[in-house]
Amino acid sequence: MKTLGLILLSGVLAVTGQFILKLGMASVGPMTLGVDTLATVVPAVVNPLVVLGLLVYVSGTFFWLLVLSRVDLSYAYPFASLNYIVVLLGSWLLLGEQLSLVRMVGVLSICLGVWAISRTPNRTAAPAGPRGSVR
Amino acid sequence: MTPVALTLSSVLLGVVGQLLLKAGMGRVGPLRLGGTSAVAVARRMFSVPQVWGGLSLYGVAMLFWLAALSRLELSYVYPFLSLSYVLIVLAARLFLREAVSPTRVAGVAAICLGVFLIARGS
Chain Y
8 MKTLGLILLS
18 GVLAVTGQFI
28 LKLGMASVGP
38 MTLGVDTLAT
48 VVPAVVNPLV
58 VLGLLVYVSG
68 TFFWLLVLSR
78 VDLSYAYPFA
88 SLNYIVVLLG
98 SWLLLGEQLS
108 LVRMVGVLSI
118 CLGVWAISRT
128 PNRTAAPAGP
138 RGSVR
Chain U
93 MTPVALTLSS
103 VLLGVVGQLL
113 LKAGMGRVGP
123 LRLGGTSAVA
133 VARRMFSVPQ
143 VWGGLSLYGV
153 AMLFWLAALS
163 RLELSYVYPF
173 LSLSYVLIVL
183 AARLFLREAV
193 SPTRVAGVAA
203 ICLGVFLIAR
213 GS
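Same order as they appear, the protein sequences are chains Y and U. Its first residue numbered 8, the first sequence is counted upward by one per residue in my numbering. Its first residue numbered 93, the second sequence is counted upward by one per residue in my numbering.
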């Protein structure tokens with residue numbers, strides 16, 4: 008598969024994983040991490056949608072690592088910022104969440120920032136191999 | 093813990109986990125997937141405590157993320173993930189003594205502004 012295809016596949020899987028996780032947690036109900044941690048964690052991690060979401064998300068990470076082994080991080084990174092736009096639109100269309108002007112401006116600012124960071128040249132000699140995903 | 097605190101903790105734990113994994117894999121050295129068996133590769137990876145630590149922190153970060161997802165809208169909580177870029181730039185400056193160019197500072201500022209807007213927006 009072409010690298011661009013792998014990048015897009017990785018993004019689609021990462022975002023789809025988040026949507027499935029969100030749906031799973033919506034069916035589990037509010038989860039807290041306090042004194043009753045076990046009582047809320049166990050139903051979450053055995054929920055089929057949560058398990059599926061984790062698998063899809065992890066497979067997205069696998070393809071992302073494959074991408075990083077082929078191309079420079081500075082080429083691959085800006086595509087990762089597309090995920091923020093897809094999540095914003097998907098949350099609105101599929102989950103019925105509010106699409107406020109503030110959120111749109113915020114996401115655009117984030118994309119601009121990710122793009123700016125990825126465009127700056129590496130001063131130090133890059134070590135062999137991928138530097139890892141920080142998504 | 094408030095939902096936003098859960099989100100921020102998840103991002104922080106994920107970044108520390110990532111740094112630990114990088115440190116651990118640096119000690120393991122380059123891995124080749126062909127030639128050796130998957131078991132041998134896994135054995136080498138898991139012989140390093142940093143890899144265990146990194147993966148454990150990742151697991152805990154995911155629990156915090158699930159807790160945040162259960163209580164916040166996805167379009168509100170997802171943008172917080174971009175703070176990991178900011179933390180990585182800061183860590184690179186502090187621990188790896190990397191030079192941070194003005195463009196990179198501007199990028200960090202734009203990401204922070206975006207997250208701030210979304211966080212205050214609703």
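Please keep in mind that the hints were generated in silico from the structure rather than gathered at the bench. You may find that some hints are simply not true.
Sample of chain U residues with no beta-carbon within 10 Å of chain Y, all distances over it, derived [to be verified]:
no.	residue
1	98
2	138
3	157
4	171
5	195
6	213
If you want the footprint, here are the derived chain Y segments under chain U, 3+ residues with CB under 8 Å [claimed, not checked]:
no.	segment
7	73-79
8	98-111
Think of the CB as a built atom: it goes at the ideal place given N, C-alpha and C, for glycine as much as any other residue.
Okay, the hints, checked on the actual structure:
The beta carbon of residue 98 of chain U is not kept farther than 10 Å from every beta carbon of chain Y, the shortest such distance being approximately 7 Å. Interface exclusion of residue 138 of chain U from chain Y stands, the closest Cβ pair being 18 Å apart, more than 10 Å. Not every CB of chain Y is more than 10 Å from the CB of residue 157 of chain U (nearest about 8 Å), against its label as outside the interface. A Cβ of chain Y approaches the Cβ of residue 171 of chain U within 10 Å, the least distance being about 6 Å, so the stated non-interface status is violated.
Its closest Cβ contact with chain Y, about 5 Å, brings residue 195 of chain U to no more than 10 Å, contrary to its assignment away from the interface. For residue 213 of chain U, the shortest C-beta to C-beta distance to chain Y comes to about 3 Å, within the 10 Å cut-off, and the non-interface label is violated. Closer than 8 Å: that is the beta-carbon criterion, and the segment 73-79 of chain Y has 0 residues meeting it against chain U, so the requirement of 3 is violated. Three residues within the 8 Å Cβ limit are the bar, and the segment 98-111 of chain Y against chain U gives 9, so the coverage statement holds.
When held up to the earlier numbered hints, the structure conflicts with 1, 3, 4, 5, 6, 7 and fits the remainder.
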